[in-house]
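In order, the protein sequences belong to chains A and B.
For the first sequence, the numbering used here assigns the number 1 to the initial residue and increments by one for each residue that follows.
For the second sequence, the numbering used here assigns the number 1001 to the initial residue and increments by one for each residue that follows.
Think of the hints as simulated: they come from the structure by calculation, not from any bench.
Treat the hints with care, as some may be off.
[Said to hold, decoys possible] List of simulated lysine to any residue pairs, SDA-like, C-alpha gap at most 25 Å:
#, chain 1, residue 1, chain 2, residue 2
1, A, Lys535, B, Asp1432
2, A, Lys587, B, Asp1432
3, A, Lys31, B, Asp1432
All of these numbers come straight from a predicted model, not from anything done at the bench.
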Amino acid sequence: MANNTITTADLVSELVSAPMKVIDRLFDNYKATTTTDDGPKSREFNQTVQDHFQGLLSKPGAFERIPVFGYPSSNATKTKSGSLVRFRCMVQDPSYGEELHLSVAQLVNSATGETKQVFSHYTDADHVIEEGWEVDYGSPSNVFTERDVAYCVSIPGQNEWAQLGSSAAVLEDTLGSLNIGAQSTGESSDLPLVDEKKYPLRGCEHSAALVKFHSPGRAPQVAGTVDVVGIYELGHSPKEQGGSDASAQGRWPCIHAIFVCDITVDTLVPDLPQPVAGEHIGRRNMTLVHLGLVLGGDDLAAHYLLLHLLSKTVAVQDVKVGKFSLNLVGFPLSSKDQAPAGTFTLSSPATRWVSGMLAQLVPRCVEIPFELKTVNSSTFLPSAESGDLQAGVLQLAADTEIICDETCLHEGTLDERGLRNLQALQSVILDQTVTYVYPFQPINMATNLRVLVLSNGKSILENDCDLYLSETAAAFLASIHDESAASFMPLDPMHTEQIRQYLELARHMEFSVPTEVSNAISDEYAALRREAHEKGEKMMTQAELSLIVTVARLISISKGEPELTSASWKEAMALEARRVERNTQAKAARPATSADPSK
Amino acid sequence: GHRRGDLGSRAQALSSELGDRPSEASTQQPKEIRTIWGTIVHVRDVMNTFKDFMLHFTPKHRPPASASASSAPMSDEELNEPVYPALLRRMHDSEIFQLNLDAQNLRAYPPAQGLYRQLVNYPEEVVPIMDYVLTELYLEQYPEADVDLVQSDLKVRPYNLSSTTNMRDLNPSDIDKMVSVRGMLIRSSSVIPDMERGFFRCLHCDWTTTVGIDRGVINEPQQCGNSACLQKECVELVHNRSTFADKQLSRLQETPEVIPDGQTPHTVTLVTHDELVDVAKPGDRLEVTGIYRGVPVRTNPRNRTVQAIYRTYIDVVHVRRLGRSRVQRSAAEGLDIADAVVDAQREAAGQSADGQDEATAFAPAEVAEFQRWARDPRLFSILAQSLAPSIYELDDVKRGLLLQLFGGVRKQFARAGAPRSRGDINVLLVGDPGVSKSQMLSAVHSLAPRGIYTSGKGSSAVGLTAYVTRDPDTRQLVLESGALVLSDDGVCAIDEFDKMSEATRSVLHEVMEQQTISIAKAGIITSLNARCSILAAANPVNSKWDKNLSIVENMNLPPTLVSRFDLVFIVLDTVDETMDRRLARHIVGLYTDDTTAAAQADDALPMVPTEKLTRYIAYARRYVRPIITDEAAAALVQAY
């Protein structure tokens, strides 16, 4: 460097390009300031490193200068070993292995009796010792640290707008020797080693890395999502023990985590200011209009779709409340020959249209076509029967939107696996649990997924709520072709961002029911039942009441109200009445229109 | 010489220092080594203490708590009878030269308390000394014994440490210490012959040598040791003169109780040696006592590097199986030698083998808690309330379902050809739509140890293969599935029982009475076990209960089938304003994000969390075997 004053920018660029150098310097400082009797405490030192990095990276613009690892950025193959990277990922397997790491080794010179300490942290590479020195294995100054190794994959279904952005230029690996595979750019086949069986959506492009957590302040949770900042290296996998040929190993992408941070709404829509109190209503109306356009002008369906997008599961005692899986009925059937062959993309133009529009609004959505071949051939539940935790389609990050396309389901045999798959999906809808099939002891994990089923008739899955689309909406969807979808003007970017922010914020709002409203609801429920009984009509059931309360809650938060108001309750009652009426009419009309002529 | 694969090379070096023959060694050895390098272990002290313990430990040293747990109270004479000489006698008789040492006995014996600590901290040093003392004592007691045989095989296997370590809490400070972990064995490798001594011969002069294993490697001598030869790189391994030991690698996985929320189970590698190979099978719950190890991952030929990454495993010293059912256990005892010794030893130590073994599948604290519950007169009400707390009221139904979950005792009459008496009860719920029948079913389904939830509409009783068809009426897709065989030993919950086809129901007749399913396929008629209890829910004949019809007319089910249900509940949707109001408030309360508000319901009874309830049911199903006393029998006869 030409000038003598070291600017923050210089420090940051050193951090990004040669983080190990920085860490070594920190270690030297640390060693100098601590007493040598009990040796350096690795946990304490890790904290020092973490603080130093976080401090420097909190400077404006610094964070974005770190290159992004992994799909969809094409530079995964070219990330230089030993450089700092960011990885937005889902923890697929938090118990991928534990490793003990000799992070500080005491060396002794057999000739002179001199001793010195070598430090190897945040790397798996062996230390080369100069001639004459030996490791003193009996020394109490040796520090062993324990590391959790987690297998992390790019978040399944993460939409493009919700990926990490970076201003960093691609760091070319000048050494070349550490790279594997061909050097051509951008092609998925050139990505570093990944285990296909450990990615939920088999056959989809993704990247994966072994993330090694050096200071487990917080244990990584299975299917949890994090932004990892760490040092990239091609390392070795703890699952490949015992191989004698060292050169065959050590070719797994590893990230030695320096720190991790959560993915918050601010990182998703960084350019927008926090909305002010009254703004919710405006945003809500804008969203409703947009969803209405997507669904061919069906206002009722737009309302329910919005409520569905805002739902979140909360466990109370033994029940999960707040979940709101939605079945939209009335999509055109797709013909058999349109069916895709066992992939997780939708085939019918109508369902693809809806899914594409939602992808613009929610951070992640996954498409599951209910095509018999796909259902029979894939595994929905994660399984560790083989010893290694293999992902299943339903091992998804919390808050993922699952769009099931039932329009491509046709008559045929569902085999045992397919049946188990459907049962697994059903238990996600009803209980919000995903069973991890561990040998001899399956483990149920609570999850938080929203399921939207698009079907022609009522779905074979039991959903919290189903709604028949209006005839105009059904006609609109039937008229969609791939070409017509392109002609629809999407929202302008500003409004898209606003809707994204609105949905994220509203979904995570605290909510409660004041006693007066609760009492009023109880009275109304009792009165309604009495009236119905007197008239000999069908009485409202517990389940119906629960559904209306869920709807009321979602209406409340959609307006930005943290407490349930009687107005929202009334609105919920009215909305439900409209829905029930619509469904009854549609059910009455439907068999007439689509009846089998042979009958 | 004496060698144990589970203890490692330092132990081997020590035992060779102790001397090959105890008879000679006892005269001279303690002078040479007093303190083992790097530890605070004084060899002489350890030997004396352990010898004292072996000769003088009696059951009365045991802490009173565990003494009371044993089935039969012992007389004073038994209490003062030293335990271990009797065990040596048993070893002599059975010729199984392994001593399972209950570490709690060490702790209970006042002079040996320090020894317990040393055992845990320096197992590699202390265990060989114990072996040595054991051999010495054995030879004192049986001087005529075949020394060569005895010497190579006498092993002390400590178990029952004061605390078991959680697998995910094993950390670097536990390395080379004795640890005890619990878990489920999920995989075992085949038996690997592990070379423990390599026999080498010089190609030129036929000079021979044996080399022991050091840190997992046997180093081939670089040079012939014959001073007349001294040729380099001419030494060859002779396989049939080398010695091998059995070794097996297995994986132990955490059991669900100890896994924190949102985590997946950890596993640890076990290395078992010699007698312990194949003692446990995948699927067994084990408590393993062993030495925690860390070794470099890569065996790097170049020594000029510091190896950064170490992997860990446990060298198993003792295996204890937890929570087997009585039947399996008695079958296993005859087969597994090591296990038999474990049991024999435990009996001799004054404990009921059964009681001990069974209790341990559940943590002692948990068992104590359950037993405390069992004494609570409100237990039934508390449990009934905790079953599906989100469903309001319906307490009688909940009680019935609880009884079903606990199940009865299956009885097999000794007389040949006699029918099996079924111990499970079948329950039928009939009632108006929308009274949470389905929720009740799914609550039971989730609590039962094994179970299937199915809908009567379109279910076929045999097999799992399903078919997607179009319902001829509604043109909607319907799923056909089967369920019964899968719920063997559990609860099969069938919703919409009234909509089940005649053919399927007829299969249920057999299941509910005989608890088997007959399958006729491709000319072979076979009968599968389906020892499940059935929980069915059905709607009344006109989908709404008609007060003007009789119960039988309302039910819409053949009387022969109804008679096979032991409990029939009729659940009606009645109008009761106060009840309705309370119910609505309850439901709305669930939707407040503030969970404390929902929890402070107006009940005085404590609530049992679902997981605990599941565990309690599992515990009761497995361990409680009620018998009908004479008085109870009399009361029953009277009542009838």
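Each hint tested on the structure:
1. A/Lys535 / B/Asp1432: Between lysine 535 of chain A and aspartate 1432 of chain B the Cα gap is close to 17 Å, so the pair holds against 25 Å.
2. A/Lys587 / B/Asp1432: holds (23 Å)
3. A/Lys31 / B/Asp1432: violated (76 Å)
Of the numbered hints stated above, the single one contradicted by the structure is hint 3.
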